[in-house]
Each structure stands twice: as structure tokens, then as C-alpha cells.
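Here the protein sequences come in this chain order: D and S.
For reference, each letter of the first sequence is one residue, going 1 to 112 in this note's numbering.
For reference, each letter of the second sequence is one residue, going 1 to 113 in this note's numbering.
Simulated from the structure, these hints should not be mistaken for laboratory data.
Predicted model, so just to flag it, every value in this text is computed and none were measured.
Careful: at least some of the hints might be erroneous.
Said to hold, decoys possible - Below, in silico cross-link-like pairs of lysine-lysine (DSS-like), each with a Cα-Cα straight-line distance of 27 Å or less:
| id | chain 1 | residue 1 | chain 2 | residue 2 |
| --- | --- | --- | --- | --- |
| 1 | D | K68 | D | K104 |
| 2 | D | K1 | S | K57 |
| 3 | D | K42 | S | K15 |
| 4 | S | K11 | D | K42 |
| 5 | D | K1 | S | K15 |
| 6 | S | K17 | D | K42 |
| 7 | S | K57 | D | K42 |
| 8 | D | K42 | D | K104 |
What the hints assert, rightly or not - Label pairs and their calculated CB-CB ranges:
| id | chain 1 | residue 1 | chain 2 | residue 2 | range |
| --- | --- | --- | --- | --- | --- |
| 9 | D | L109 | S | R109 | 18 to 24 Å |
| 10 | S | G3 | D | G16 | 29 to 35 Å |
| 11 | D | P8 | S | P8 | 31 to 37 Å |
| 12 | S | P61 | D | T5 | 36 to 42 Å |
| 13 | D | G41 | S | A2 | 38 to 44 Å |
| 14 | D | K104 | S | R109 | 34 to 40 Å |
Note that beta-carbon positions come from the ideal geometry of N, C-alpha and C, so glycine has one too.
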Amino acid sequence: KQEVTQIPAALSVPEGENLVLNCSFTDSAIYNLQWFRQDPGKGLTSLLLIQSSQREQTSGRLNASLDKSSGRSTLYIAASQPGDSATYLCAVRPNSGYALNFGKGTSLLVTP
Amino acid sequence: GAGVSQSPSNKVTEKGKDVELRCDPISGHTALYWYRQSLGQGLEFLIYFQGNSAPDKSGLPSDRFSAERTGGSVSTLTIQRTQQEDSAVYLCASSLVSGETQYFGPGTRLLVL
């Protein structure tokens, strides 16, 4: 069974810092990996999707990397802002099946 | 365009009652997914629909849970004889085709007293 782990569970940084969120998964037979953001009491917003054949994806201040062989992905947030405060979830889709396997998330607080 | 919508946004029910949760996917999306997010737990997959194919029910936790998708669009998740451990946020997602980016609705917060 695919296990997805996110470290750290919580993170607090001052505004302007660059930061890295980590995601690891136990089974490298993945189809793609997706990073989401979840605001309190809200649903999930897709940030970046990396196909298994890709190494990274970028969107604005966000950059996600994927090392499938080692079972790792990172989400890099540049020049963090208070509006980035949210829970960030990593999810992998296995080669077999379509359901996403989620980590428990990293709760990020960016202080002014 | 409109995103995924879910109703009700909140539901409080008594133990033993049945509840129905509704999901309206993004128009044109052929794949629809239900997930559950319990306090302190990650999101867990419940069920998946793709077009007119038989659904993947492998994530349903018990036979009290069922779901249907009528006309390839709206989906209803039914929980019979609710238990307190069913309290969670139930999230619906849709994607244009299977395996691609999933777009999530705001969820239904279910509380079973």
C-alpha cells in the first residue's frame, strides 16, 4: 500500500523567506504527483501536477520537483507571503487505479 | 466557469439516520471522485466514477456507504444508519479525463451526534 509522508507537519516562517516542503512516498510506481493547497474550512486547490516522466513544474513563485526513483518530491515557495498561509497537501496517483493517495499535509504559517 | 459544487455545505444528523450528500462536477468532466477527510487523518479515497463504466468502490469503508452517478453528471453519496465515526468532511472532485488534474469542491461537513 502506498504511504505518503509529509515533513514537516507544521512550519512557521517570517514573510519573505524561501521555504521547502517535503513529500515522500513508498512506491515509486506512480503515474503523477499533485500538490494542493487547502485553506481552513475550504476545499482543495490544485497548485502543480508533475507527470512521472517530468522532473519539475513551475507556477509563479512555486516550483515542485519530483525524484521518482527515490520517492521524493519537494515544493519550493519563493519569497513567502502571509497569503501563502494554508495547509499544503501532496498526493500521488499510482500507475494502477485513479484514486489519489494523500499525505497528511504541512500546515504553513507566514507571519508579517 | 463554475467549479465543483457540493451540497449541503454542513449537515448535522443523529446516529442511525441516513444522509445524502450531493456533488455537481465541472461540466464536461467525465471522471468523478469522492474522498473523506477525518479530523487528524489524511484524505482517504472512497469511490470513483468514469463515464458509464462500473465504479471503483474499493475505498468504501462499509456496506452502509453507497454512491451513484446519474446521467454521467451529478453524484450522490449515501450513508445509511450513520455512526459517530462517519463524522468528517466529504470531498468530491472531478477531472476532465481519468488520471489528470482533479478539481475539488468545498466539501460537506458531516457531524453525527
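The hints, checked one at a time:
1. K68(D) with K104(D): holds (20 Å)
2. K1(D) with K57(S): holds (17 Å)
3. K42(D) with K15(S): Given that 27 Å is the threshold and the Cα spacing comes to 25 Å, the pair holds.
4. K11(S) with K42(D): Between K11(S) and K42(D) the Cα gap is close to 15 Å, so the pair holds against 27 Å.
5. K1(D) with K15(S): Violated - the C-alpha atoms of K15(S) and K1(D) are around 32 Å apart, more than 27 Å.
6. K17(S) with K42(D): holds (26 Å)
7. K57(S) with K42(D): It holds: about 25 Å lies between the C-alpha atoms, which stays within 27 Å.
8. K42(D) with K104(D): holds (16 Å)
9. L109(D) with R109(S): 18 to 24 Å: holds (23 Å)
10. G3(S) with G16(D): 29 to 35 Å: holds (31 Å)
11. P8(D) with P8(S): 31 to 37 Å: holds (35 Å)
12. P61(S) with T5(D): 36 to 42 Å: Given a distance of about 22 Å, which is not inside 36 to 42 Å, the answer is violated.
13. G41(D) with A2(S): 38 to 44 Å: violated (20 Å)
14. K104(D) with R109(S): 34 to 40 Å: At roughly 19 Å between Cβ atoms, R109(S) and K104(D) fall outside 34 to 40 Å, so the hint is violated.
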